[in-house]
Amino acid sequence: MAARVSRADFDISAEMAALIGGDTGIGGVALFVGKVRGEVNGEPLVSLTLEHYPEMTEAELERIEAEARERFALSASLIIHRVGELKPGDNIVLVIACAPHRQDAFAGAEFLMDYLKTRAPFWKKETLADGSSRWVDARESDEEAASTWVSTPP
Amino acid sequence: MAARVSRADFDISAEMAALIGGDTGIGGVALFVGKVRGEVNGEPLVSLTLEHYPEMTEAELERIEAEARERFALSASLIIHRVGELKPGDNIVLVIACAPHRQDAFAGAEFLMDYLKTRAPFWKKETLADGSSRWVDARESDEEAASTWVSTPP
Amino acid sequence: MTDTKTNAEVTLRYFAWLRERAGRGEERLKLPPDVLTVGDLLRWQAGRGHPFDQAFAKPEAIRVAIDHAHVKPTAAIGAAREIAFFPPVTGG
Amino acid sequence: MTDTKTNAEVTLRYFAWLRERAGRGEERLKLPPDVLTVGDLLRWQAGRGHPFDQAFAKPEAIRVAIDHAHVKPTAAIGAAREIAFFPPVTGG
Numbered sequence: 049m050a051a052r053v054s055r056a057d058f059d060i061s062a063e064m065a066a067l068i069g070g071d072t073g074i075g076g077v078a079l080f081v082g083k084v085r086g087e088v089n090g091e092p093l094v095s096l097t098l099e100h101y102p103e104m105t106e107a108e109l110e111r112i113e114a115e116a117r118e119r120f121a122l123s124a125s126l127i128i129h130r131v132g133e134l135k136p137g138d139n140i141v142l143v144i145a146c147a148p149h150r151q152d153a154f155a156g157a158e159f160l161m162d163y164l165k166t167r168a169p170f171w172k173k174e175t176l177a178d179g180s181s182r183w184v185d186a187r188e189s190d191e192e193a194a195s196t197w198v199s200t201p202p
Numbered sequence: 049m050a051a052r053v054s055r056a057d058f059d060i061s062a063e064m065a066a067l068i069g070g071d072t073g074i075g076g077v078a079l080f081v082g083k084v085r086g087e088v089n090g091e092p093l094v095s096l097t098l099e100h101y102p103e104m105t106e107a108e109l110e111r112i113e114a115e116a117r118e119r120f121a122l123s124a125s126l127i128i129h130r131v132g133e134l135k136p137g138d139n140i141v142l143v144i145a146c147a148p149h150r151q152d153a154f155a156g157a158e159f160l161m162d163y164l165k166t167r168a169p170f171w172k173k174e175t176l177a178d179g180s181s182r183w184v185d186a187r188e189s190d191e192e193a194a195s196t197w198v199s200t201p202p
Numbered sequence: 503m504t505d506t507k508t509n510a511e512v513t514l515r516y517f518a519w520l521r522e523r524a525g526r527g528e529e530r531l532k533l534p535p536d537v538l539t540v541g542d543l544l545r546w547q548a549g550r551g552h553p554f555d556q557a558f559a560k561p562e563a564i565r566v567a568i569d570h571a572h573v574k575p576t577a578a579i580g581a582a583r584e585i586a587f588f589p590p591v592t593g594g
Numbered sequence: 503m504t505d506t507k508t509n510a511e512v513t514l515r516y517f518a519w520l521r522e523r524a525g526r527g528e529e530r531l532k533l534p535p536d537v538l539t540v541g542d543l544l545r546w547q548a549g550r551g552h553p554f555d556q557a558f559a560k561p562e563a564i565r566v567a568i569d570h571a572h573v574k575p576t577a578a579i580g581a582a583r584e585i586a587f588f589p590p591v592t593g594g
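In order, the protein sequences belong to chains A, B, C and D. The first sequence runs contiguously to residue 202 in my numbering. The second sequence runs contiguously to residue 202 in my numbering. The third sequence runs contiguously to residue 594 in my numbering. The fourth sequence runs contiguously to residue 594 in my numbering.
Keep in mind that the hints were calculated from the coordinates and are not lab data. Mixed in with the good hints, there may be bad ones.
[Unchecked claim] Covered stretches of chain A, going by a simulated chain B footprint (3 or more residues, C-beta under 8 Å):
| id | segment |
| --- | --- |
| 1 | 65-76 |
| 2 | 94-108 |
| 3 | 115-129 |
[To be verified] Residues on chain D that point at chain A, a partial pick, calculated with CB under 10 Å:
| id | residue |
| --- | --- |
| 4 | TRP519 |
| 5 | GLY549 |
| 6 | HIS572 |
| 7 | GLU584 |
| 8 | GLY594 |
Where is the CB? At the ideal position from N, CA and C, for every residue including glycine.
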């Protein structure tokens, strides 16, 4: 289990290899990569700036991971979340969930993403071509996705 | 959209970058990697041999991908399936689904895997440490997983 | 015309344990004119004698594809050029 | 003892648009003794005058963490060392 915040990009293949190590009990690995999109409601995005709450982030990511591990038969999991100024096409987040079987791997990765989106202290600010910028609103659909996993509200 | 069979291993980062190209409409990428496990019912596995039906494989993978694309808002998808003799820890299959939003990416990747497991003409033969070998039985849970997506039986 | 089609040569292919039990990966032959559906073909195979009697003893464990597409036992063979027999797939 | 705790200095932290509207990322101060819950604290912030009146005008849009853990408005502040205010998170 590992969680970290990074200004630099990540290498998916290398992160996955390091996470698995020599564990041949792992039969399925589900990964998710979140990326910066180039448009916001049809307007070109210039950059996306990610702010976070450093002292809380790690504690929260570890709580999310521990909960995922308790719910699913995960052999290993990883969360890497980037901060700072990102451009369209850049990677924002990497989640990896390893399990003996694919169903647990998929469910683990989805759970990690849903909880990350509603509990981890990151905030996105979009800057558009006209120089204007605005903080991204939380999506209700994200709250709903997280709440389908249970009854423990943030 | 792409699907291919390969004796060689794949590079996940490179495949993902090539699949995405310059499409900045993609906000989420879900990936799945299936791996050879080191034990079968507690006995050490020596190798896993994958046979397939070459002329049918590509046609079937393309049908599976076309169906995934019809059901989910996928921007791009990829299936790579290995054949030949594999060892514990080796990669067997890679599935990538790209979409504007993560829910479609996850659903697309799960759909591709469920259909792959029940429709793509691949067969696994396990060889154990004592020299014995046996063809892997299809798992009923895989049939069930695929059938949850609809009513079109194989 | 239909008789001609039914009597045309067809390629039969075998995979996984069916290939091993049938002792071959492929063969070309003419099917009898009364073999009209996939179900007929599975019954005909089981009645061909050794080693097919063993290989096709449990037709419910066998899947069939005609010209690279999955078909059900009720499917017509029609003008099939290639018919494949195999156990349920186990890739992924 | 309880009075001492309630009157201890606490670090308040602000993130995203709350940081921008509050005009600061952090401050250290003593909370009034009658601010016992997170809900009390949100009301107290809204009453502090400029720029907090603006920043805390919609308390339902504000999330709170005490010592790096999410808390609800009903949570007691107790011996909190650090209390953070931020909009609903939007990472991932």
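Against the structure, the hints come out as follows:
1. 65-76: Satisfied; 7 residues make the cut.
2. 94-108: violated (count 0)
3. 115-129: violated (count 0)
4. TRP519: holds (5 Å)
5. GLY549: Nearest chain A Cβ about 24 Å off; hint violated.
6. HIS572: holds (5 Å)
7. GLU584: Holds - the Cβ of GLU584 of chain D comes within 10 Å of chain A, reaching about 8 Å at its closest.
8. GLY594: This hint holds: GLY594 of chain D lies near chain A, its Cβ roughly 4 Å from the closest one there, short of 10 Å.
Violation of the numbered hints given earlier is confined to hints 2, 3, 5; the remaining hints are satisfied by the structure.
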